[in-house]
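So the sequences go chain by chain: B and Z. Just so you know, the first sequence maps onto residues 1 to 485 in the working numbering. Just so you know, the second sequence maps onto residues 1 to 485 in the working numbering.
It is possible that some hints are incorrect.
Claimed, not checked - Okay, derived cross-link-like pairs now, EDC-like style, lysine to aspartate or glutamate, Cα gap no bigger than 16 Å in a straight line: (1) Z:K131 with B:E52; (2) B:K453 with B:E168; (3) Z:K131 with B:D465; (4) B:K131 with Z:D193; (5) Z:K4 with B:D301; (6) B:K12 with B:D358; (7) Z:K131 with B:E464; (8) B:K30 with B:E464; (9) B:K16 with B:D358; (10) Z:K12 with B:D193; (11) Z:K16 with Z:D253; (12) B:K4 with Z:D193; (13) B:K131 with Z:D357; (14) B:K12 with Z:D193; (15) B:K30 with B:D465.
By construction, these hints were calculated from the structure, which means they are not laboratory data. Every value quoted in this text rests on a predicted model; they were computed, and no experiment measured them.
2 protein chains.
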Amino acid sequence: MSLKNRLVGTAKRQMKQTLRPVLQRAMAPKRTEIPASYWGLEQRPGQGLCLEGVPLKALVERWGSPLHVVHMAALRRNVERFLAVPQGRAGGCEVFYSYKTNPIPGVLSVLHGMGVGAEIISAYELWLALKLGVAPERIVYNGPVKSEASVREAISRGIQLLAANHAEELGTFARIAAELGKRPRVALRVSTDSGWAAQFGTPIAGGAALRAYAQARASSHLDVVGLHAHRGATIRTEGEFTGFVEAVLAFTDTLHQELGLDLEVLDLGGSLCTPSVEHIAERDWRLNLTFFRDVPAPDPDGALGISRYVALAVELVESHYARRGRQRPRIFLEPGRAMTGDTQLLLGRVHTLKQGDDRTWAVLDAGVNHAECVRNEYHQLFHVDRPDAPASRVYTVVGPICTPGDTLYHAKRLPELTEGDTLAIMDAGAYFVPFATSFSYPQPAIIALDDGKERLLRRAETFEDQIALDTVTGAAATPSKTEAA
Amino acid sequence: MSLKNRLVGTAKRQMKQTLRPVLQRAMAPKRTEIPASYWGLEQRPGQGLCLEGVPLKALVERWGSPLHVVHMAALRRNVERFLAVPQGRAGGCEVFYSYKTNPIPGVLSVLHGMGVGAEIISAYELWLALKLGVAPERIVYNGPVKSEASVREAISRGIQLLAANHAEELGTFARIAAELGKRPRVALRVSTDSGWAAQFGTPIAGGAALRAYAQARASSHLDVVGLHAHRGATIRTEGEFTGFVEAVLAFTDTLHQELGLDLEVLDLGGSLCTPSVEHIAERDWRLNLTFFRDVPAPDPDGALGISRYVALAVELVESHYARRGRQRPRIFLEPGRAMTGDTQLLLGRVHTLKQGDDRTWAVLDAGVNHAECVRNEYHQLFHVDRPDAPASRVYTVVGPICTPGDTLYHAKRLPELTEGDTLAIMDAGAYFVPFATSFSYPQPAIIALDDGKERLLRRAETFEDQIALDTVTGAAATPSKTEAA
């Protein structure tokens with residue numbers, strides 16, 4: 001590096017350091033933390049943060065660190081909200097959980113036990129749903145890649161709904177149905193103008209979706225009963241959901257008018273937010289990185305909650321059909337993050353602290369290998385041992401895998417940390433487990449906390465597990481002399 | 001969406017579509033493909049791309065798709081280049097492979113069999129190296145998170161080098177060494193001004209590294225023999241490497257002058273590139289996304305190769321020490337991507353095609369779940385069946401997991417694809433396997449192709465494997481009636 005570059009670098013660094021405290025105050029966001037009580041956590045003297053009376057710190061002592069903890073009461077609360085019939089209505093929605101969001105059998109079986117079905121996107125997930133005893137009429141099969149064998153299995157079993165991701169899939173469905181002499185219940189995924197579409201769905205705009213429906217209905221092997229759509233982009237407000245549902249409802253009118261098709265099933269997909277999680281805006285991320293300005297916390301109470309979302313779905317669909325004097329279709333919902341996001345937390349420990357010029361690095365035993373989502377979403381972080389101590393110091397919180405990309409929080413004000421302290425990353429119930437890797441470290445155990453009792457759902461990976469599928473695991477010849485000397 | 005927004009959206013879309021062919025020609029990058037011969041692939045009539053005479057297509061037919069293929073001849077070639085003594089020199093470098101880059105026992109054992117040691121960053125990797133029969137004097141232990149038990153094991157066994165990631169680790173090393181009555185061979189990781197440092201190393205600038213050395217040498221329990229540094233940012237040119245080595249060498253002079261310390265080991269870390277892989281620049285990525293302009297291919301011949309890199313390391317260190325009349329230290333290298341990056345390829349199949357307005361979506365059975373790096377690095381993609389057919393059509397190549405983030409190539413010109421075609425993603429030997437997830441799909445098998453013969457290194461994950469650690473795997477109660485009707 002040239003002397004000039006070095007001087008410029010030093011000047012920049014000094015300017016940032018000088019500006020940081022000023023900007024931190026001047027540009028402080030309105031909300032920087034969500035209180036622990038939001039998740040039912042309480043602080044008990046000498047025990048730190050507790051859930052259902054159990055100190056979180058004791059959980060890692062008993063089960064090891066890092067550790068996933070599923071809060072069963074929160075899970076059941078979310079299920080009940082999704083399944084409740086809204087006030088003043090004759091019926092509510094039918095709910096199919098998005099398996100890919102958090103595919104832990106011990107979580108899925110609780111959902112199924114309460115009446116939630118399975119929304120699957122792969123041959124593996126079909127196998128898992130059947131293995132968990134989900135009745136075929138409680139399975140909806142979506143996704144862009146359905147293996148031939150899995151479509152065959154789904155049709156043979158007579159699943160509730162087989163949704164074509166795009167029109168090109170219809171030919172495969174019809175061929176297999178003809179071979180089996182079955183007539184599967186089929187939906188088509190369509191895309192509206194809201195949110196992203198990408199590889200998903202056939203667009204309503206331009207008439208492609210209408211043509212696909214005409215094509216599907218021309219096949220005597222397919223029983224075209226449904227329509228499937230996702231907003232795509234996360235739904236956080238009533239307006240976002242309403243706009244999307246209205247676009248879908250307008251298309252059901254088109255189907256009625258153009259093809260005389262009255263749908264039995266309207267599958268409105270997922271996309272509902274976890275209220276306490278929000279994507280970090282580019283600007284907030286940069287301000288945090290450069291000036292250590294706190295990342296703004298989302299306002300959970302300002303977000304569209306489950307009960308209102310369900311009520312809104314029923315209200316919009318019922319009133320639309322009532323105005324037209326037609327019977328409203330069954331409404332399917334496929335929640336993922338809204339169902340499980342806030343029902344799980346990830347505990348980890350401070351392994352070591354590294355003092356830097358302008359901040360302290362806190363190196364945890366859990367990083368992006370177990371918590372990839374924290375890189376770009378707001379996730380509340382608690383100091384389990386001393387949650388109420390003043391957040392007096394700025395930490396860069398990183399994980400154990402040896403890459404600068406393993407950064408969970410670029411600049412996070414926390415109570416003073418010491419080695420061995422326990423931290424809790426909240427809202428770990430959506431996309432933490434499926435995006436987990438075994439990068440240099442085994443994957444953590446998953447336990448359930450249920451009415452104050454602990455139960456193992458998945459044991460931690462061992463070193464042996466990591467090479468269990470390998471053929472070469474024994475001692476290799478290794479010259480102990482060096483080649484260079 | 002309002003009418004105004006919709007009109008603006010349509011106008012934008014039409015402008016892009018009009019501009020695309022014009023800009024594709026006007027802004028075409030100099031190099032858009034790397035020829036198949038670079039990897040020793042050849043096209044045979046009726047067989048498509050072949051490696052060592054074996055049609056790649058036949059590999060997925062025999063072993064399943066997707067499939068990782070390790071090219072053993074390429075691996076051995078890279079090892080030989082790293083271990084060769086440069087012309088005119090009495091000795092070369094000692095080489096320790098970065099386990100985290102591609103931790104496949106069947107690959108590691110080949111490296112060890114040829115004389116390469118293990119560079120490890122976790123308790124798991126220490127366990128694996130010992131399990132594979134690596135002699136302790138061929139093990140270097142780095143990384144910011146070393147468990148107490150693993151440090152104890154490393155010191156007991158007498159490994160070659162225990163490197164403190166930051167000064168704070170020294171206390172732990174000394175304490176455990178004292179308890180065991182051993183004196184481990186210790187290095188300190190330092191950071192220069194080049195590349196990134198983040199949570200890694202103690203900075204030379206400002207004197208922190210010098211103070212850490214003084215602290216380390218004050219402990220009678222530590223045998224301070226080495227210095228450890230990584231450039232951080234990828235090394236692609238001689239200048240990048242030279243600048244980094246010179247900064248490190250200048251600090252060895254400081255250690256000599258200030259502390260009278262003459263190092264036995266100079267560990268120059270890794271960071272050397274895979275010549276045929278390059279990070280995609282933000283601008284190129286955006287142009288590809290918006291205007292379908294081809295992503296420029298790197299020039300493999302213009303990159304710093306292994307042999308020249310090794311020669312340069314020896315040359316710079318020897319001449320520096322010769323000028324000072326002192327004996328040069330042993331030089332350690334810790335290659336990762338440069339060793340294995342271009343020795344592996346990932347085969348996948350086109351599962352389905354979705355026709356869009358302005359491009360075709362090719363949905364593969366392999367996505368970011370197995371090839372995360374392709375999201376931001378150039379990786380050559382071959383049509384295995386018809387590699388020489390004109391690349392006449394623009395595809396967005398996506399994977400099977402149900403998220404728009406599962407996009408491997410935003411706009412890639414390829415020969416006309418049909419369902420079932422096989423594609424080869426090149427240079428899959430660095431960070432593909434460690435960053436792999438089991439997201440909705442099991443992980444693929446890994447085979448070796450060795451002198452025309454195929455050998456299984458790791459079998460594909462099964463559905464059963466995916467829930468092997470779970471406690472709940474049986475049938476759950478599931479009400480088959482819906483709650484809403």
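(message) For each hint given before, does the structure comply? Return the numbers of the non-compliant ones in rising order.
(response) 1, 2, 4, 5, 8, 11, 13 and 15
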